[in-house]
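Trainee: Below, each chain spelled out in residue letters.
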Amino acid sequence: MKLKQLSIIISNQPGMLAHICEVLKDNKISISSLTLADTTDYGILRLIIQDWQKAKKALETDGLVIKESDVIAVAVPDRPGGLYRILKVLNDGNLNVEYMYGFSSFVEGKESIQIFRLNDIEKGIQVLTEAGVSIIGEEELFNGK
Amino acid sequence: MKWFCCGSNCLPILIWNGIGRASSIALYCMSNSVVFNPASAPDFLPICQLRELQLHRLQRMVQKAYERVPFFRAKMEAKNLTPQDIQSLSDIAKLPFSTKSDLRDTYPFGLFAEPMNKVVRLHASSGTTGKPIVVGYTKEDLNVWGNAVMRGMLSIGMSSEDVVQVSYGYGLFTGGLGAHAGAESLGATVVPASGGNTHRQVMLIKDFGVTAICCTPSYFIHLIDKAQSMGIDMRELPLRYGVFGAEPWTQEMRKYIETQTNLKAYDIYGLSEIVGPGVGMDCIHQAGPHIYEDYFYPEIIDPETGEVLPDGEQGELVLTTLCKEAMPMIRYRTRDLTSLNPEPCACGRTMRRIKRISSRSDDMFIIRGVNVFPTQIETALLAIEGTLPHYQIILRREHNLDTLEVQVEINSKMASDTVSEISALEKRITKNIHQIIGINAVVKLVQPNSLQRSEGKIQRVTDLRNLLSSKN
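As they're listed, the protein sequences go chains A and B. Each residue of the first sequence is one higher than the one before, starting from 1 at the first, in my numbering. Each residue of the second sequence is one higher than the one before, starting from 1001 at the first, in my numbering.
Derived from the structure by calculation, the hints contain no laboratory data. You may find that some hints are simply not true.
Subject to a maximum C-alpha distance of 20 Å in a straight line, what follows is the list of computed EDC-like cross-link-like pairs (lysine to aspartate or glutamate) [claimed, not checked]:
1. B:Lys1075 <-> B:Glu1052
2. A:Lys57 <-> B:Asp1105
3. B:Lys1427 <-> A:Asp26
4. A:Lys57 <-> A:Asp26
Here are some chain B residues the structure puts well away from chain A; computed CB gaps all over 12 Å [claimed, not checked]:
5. Arg1051
6. Phe1109
7. Val1163
8. His1199
9. Ser1361
10. Thr1379
11. Asp1417
12. Glu1421
Beta carbons: idealized from backbone N, C-alpha and C, even for Gly.
Generate coordinates for the entire structure from the input sequences, incorporating the hints supplied.
Mentor: Written out as structure tokens, the structure reads:
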């Protein structure tokens, strides 16, 4: 159910993001999704990559510091209240969404995929499953299209 | 055979030191079952004999410098001094000081006391501004240097059994070749890795079964970090001795290194103007570097007045070479702040110890009227779990107010995926710095390895205040 996300702290300087993408390109690694949290001095780049082990190794060899974290991909119905329902389930379960972002390379039906980082992922999976929310596993996410 | 076990081979020391002293060393060695190498004998000279030897060597050296180095002779004459004025060791206080600028003024060979056909080696500082500082060695000078480093290595228990990786830079910098000479004199197996290529360094340590490493402490911390990212636990390796120097470091760094590895971290002190590494080194008790006083005569002075201070008082370390042929250095002001400890050391060495150099007067900066040493920032930084001493201080002047920025390299333990965690870490660092120096620093996290290093050392302080104010 869980997905690996790689995070990299990058200082705010021109070319840093491009450099990371270049390293991945040179290693023939494709990014499935990403988001960039930014502050004035640095940003945190979060990546979802199918072959995350290979990506981690390539980026570390380049001298970057990588943090692995567990996230989940949740199918969010594409209609008013679709996201609200999921957030309510999490809220009722006393769970906190640390951040979330859209999964960009998945197009199917009337659902969008959102990546969630929760303070307690195990409990999150439990409450969402109990509420009938569909969590997309690695297999389906990368191969199901 | 290079080695003598004390129980059966005390004779060389008997001859050297007189019977009373030798038997006390023998007793010490036997009670600690230490293998005694005769090369260590001078370390244990009785004080009265040591002072006699120092005076004799000082007189000889002053005479030679007076005759052969016009720059020095002129300084003596300006003070109405001749070599005959040195009748006792305390007369050294009459002699003029030497400073780094003397070396610059006489660039490149103006302080040499031997013709170039006797000079077999040149080293030079990595000086970032202007001309470098050049030092020369005769064959005998190289022997003395190798001996000094070897005596340091012996004093921490190293032997010809050890595999020694030298990760100081080789070249004009004295670190690499100095440590190399010491380890080779010892008969150890030397791995001349030089600096850089961290990945390969870790591989060599592991594959060659390296037992001792010589490098800057901050570079070693970088190696620990690298090893971890390669899935290697340094604690599982046979690495037992760390010979660390070439930059001021703190007790916190020692603690960190010793918890992350199985080695003991020993401080080696030196500067190229005097010889390079090996002017002094920690013994096995890690109680501050013993200065090899038969080669280098230490004094502590008040840096303001130049007055000699008694043992135990804190001041600037001044060193005089007693055996250097190619470039005798008389009363060289090191800019290092420390004190001389004459108390007997548990190891039995009679050579005085200096307190670990935690600050160079050159590195000190004044911000908003407060004197700050980079090592204070380091202490603040290392008090936080997961931080490493890879930092740089940037001073700026904005709207007539001095600002202190501390750039800290991100490492794998600090990695995070949330802004809140990183901000919390920055705030903790700021708070710790404030507690120590009373100034609010702006803490900025920067990319790993992005701080510029020279010979494995990060330039700790960049002062942009004058630069900026002249622009305004």
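Trainee: Run the structure past the numbered hints and jot down the numbers of the failing ones, going up.
Mentor: 1, 2, 3, 8, 11, 12
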